[in-house]
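Visitor: Sequence lines, in order, name chains A and B. Under the numbering used here, the first residue of the first sequence is numbered 1, with each subsequent residue one higher. Under the numbering used here, the first residue of the second sequence is numbered 1, with each subsequent residue one higher.
Keep in mind that the hints are not guaranteed to be accurate.
Derived CB-CB ranges, DEER-like [claimed, not checked]:
| hint | chain 1 | residue 1 | chain 2 | residue 2 | range |
| --- | --- | --- | --- | --- | --- |
| 1 | B | Met48 | A | Gly292 | 39 to 47 Å |
| 2 | A | Phe275 | B | Val84 | 38 to 46 Å |
| 3 | A | Phe275 | B | Asp11 | 44 to 52 Å |
| 4 | A | Gly397 | B | Lys21 | 16 to 24 Å |
| 5 | B | Asp11 | A | Pro359 | 31 to 39 Å |
PhoX-like cross-link-like pairs, simulated, lysine-lysine; straight-line CA separation at most 25 Å [to be verified]:
| hint | chain 1 | residue 1 | chain 2 | residue 2 |
| --- | --- | --- | --- | --- |
| 6 | B | Lys21 | A | Lys157 |
| 7 | B | Lys82 | A | Lys166 |
| 8 | A | Lys192 | A | Lys395 |
| 9 | A | Lys174 | A | Lys192 |
| 10 | B | Lys21 | A | Lys204 |
| 11 | B | Lys25 | A | Lys157 |
| 12 | A | Lys203 | A | Lys157 |
| 13 | A | Lys321 | A | Lys395 |
Since the hints were derived computationally from the structure, they do not count as laboratory data. Here the structure is a predicted model, which is why all the values come from computation and not from measurement. Built from N, CA and C at the ideal position, the CB exists for glycine as well.
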Amino acid sequence: MAGLFDRFAPLMGQRDALFGDSGVNPFSVKMDRVLSQTEAMIEGRRTILVGTNNYLGLTFAPEALKAAHDALEASGTGTTGSRMANGTYSCHKGLEDTLCDFFGKEHAMVFSTGFLANIGILSTLMGPDDYIVMDADCHASIYDGVRGGSAQIIRFKHNDAADLDKRLARLADKPGNKLIVIEGIYSMLGDKAPLAEIVAVKKKYENVYLLSDEAHSLGVLGKYGRGLPEEVGCEDDVDFIVGTFSKSVGTVGGFCVSNHPDFETLRLVCRAYIFTASLPPSVVASATVNLGLVKNGGALRKRLMRNAQQLHAGLTAIGLKVASENSPVVAVVAPDPQVAVAFWRGLIEAGVYVNLALPPATPYGYSLLRASLCAAHTEEQLNKVIAIFAQVAAKVGLAAPVEHKRSAVG
Amino acid sequence: MNDSGPEPSADTLAALFEILKSFNKTGAELSPGTRFTEDLNFDSLVVMEFIAVVEDSFDISVPLNILPDVATIKDLAIAVEKIVAADK
Ligand SMILES: Cc1ncc(COP(=O)(O)O)c(C=O)c1O
């Protein structure tokens, strides 16, 4: 008889081969003390954090801290119930109203995480006669969401509107509804969806809806931080926006907003909404306050993009291959997983924290050192990060040790 | 492997063999019983590219939903024929 975990043996074997049994690895590394939005103590070292998705640096916003403290004192540490049962407080309704205002939409539903928002919405919205046409590089929660539903699932090539067009054309004679699923900014490489082209394709066909997961673009793109649809100027063409509070909003939770007149039906049928505990009031208070800061965060967005440009330019200048330009995600492509692991370890040991991302979790089978910027990073911090990248790159044989020139931006 | 039930037509199998030539990196012999994962070493990226070519050549949509039930070339041929028939 096979052991319970036998089928994971190849995976564990790969992990052991990559990481051995000594030295830090991403599964065991922990932040012993968080010092600020951009620094933490890791293994006794003061470490610059360049992989937190804390794009606007709102995790310590004084207004949100105060609101969270007040909510904690007033309403306790948790709701001990689901939205459907005893877990809807007026603050949850208030947060949904805030989301409606923020996006200029009629309806909003708050979930306990962004992952659950995708699971809930994507497993429910489309039925057995319907089709979900999703970008192949979508997040795990989107894959799990669509797999948990009954619709037929079709993938189109990442960011390829022509391929999407071809797939919708093939489905044009089928009677069911179709839902296109994309992300505003893709998490691994930080590249944006070609939204204007996707909307143009959508408009060629009947009964086609569009859902965009704005997890990484909320707060980052658009004058008021409403994400890629705001930046592109096509908010009315995106029928459903899913998002998370766990990145630029600086806390935890997920949501979906829409103008669809029957949207409220989802509260009765979305199992990931009905059968899980609602967010604690302190988290709801943080999210509510931080959404206001996101909306008025034009200065933070400028700093974020300036920081992104500085890091991108600095890493490119030392000869590293960096995936996307003008993105708060700066992903360095390593030639193979072994080099990526050595690089990641070297960075951690020198006091720089980034994300190690390996296939199959990455597009194109890339091995990535994924950095994400924060508006609160200083120019000095990023100069130091770039200098450390240069040292470690040379050590792992990836780039010549070039004297880092101060970058022109910032 | 699917040993009972419907048999795919020789034409469908031949078309799949033809497509598979450029995806056959292991040099495994192609027969109806050839398995995508074990014999051809297909990973999720290759599956995606391969299915896209199958979709184009038969002008059909192959939903992700059916892939867990497709282990061999014969399984895929049967699935493709079902989709082609349903599209008529
Ligand atoms: C695109 C995308 N969607 C959803 C999520 C899940 O968000 P959350 O952390 O709120 O579960 C993430 C992040 O992990 C993401 O990158």
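Visitor: Next step is simple, just say for each hint if it's right about the structure.
Guide: Here is what the structure says about each hint:
Distance hint check: the CB atoms of Met48 (chain B) and Gly292 (chain A) are about 42 Å apart, consistent with the given range 39 to 47 Å. The hinted window of 38 to 46 Å between Phe275 (chain A) and Val84 (chain B) holds, with their beta carbons roughly 40 Å apart. About 49 Å separates the C-beta atoms of Phe275 (chain A) and Asp11 (chain B), a value consistent with the hinted range of 44 to 52 Å. About 37 Å separates the C-beta atoms of Gly397 (chain A) and Lys21 (chain B), a value inconsistent with the hinted range of 16 to 24 Å.
Between Asp11 (chain B) and Pro359 (chain A), the C-beta spacing of about 36 Å keeps the proposed range 31 to 39 Å intact. For the suggested pair Lys21 (chain B) and Lys157 (chain A), the alpha carbons sit about 22 Å apart, so the restraint of at most 25 Å is met. Distance check on the hinted pair: Lys82 (chain B) and Lys166 (chain A) sit about 21 Å apart at the alpha-carbon level, within 25 Å; holds. The straight-line distance between the Cα atoms of Lys192 (chain A) and Lys395 (chain A) is roughly 32 Å, outside the 25 Å bound, and the hint therefore fails.
In summary, the hint linking Lys174 (chain A) to Lys192 (chain A) is not supported, as the alpha carbons are separated by about 30 Å, beyond the 25 Å threshold. Between the alpha carbons of Lys21 (chain B) and Lys204 (chain A) the distance comes to roughly 36 Å, so the proposed pair goes past 25 Å and is violated. With a C-alpha separation of about 22 Å, the suggested pairing of Lys25 (chain B) with Lys157 (chain A) holds against the 25 Å cut-off. Distance check on the hinted pair: Lys203 (chain A) and Lys157 (chain A) sit about 19 Å apart at the alpha-carbon level, within 25 Å; holds.
Between Lys321 (chain A) and Lys395 (chain A) the CA atoms are separated by roughly 16 Å; this keeps the pair inside 25 Å, and the hint holds.
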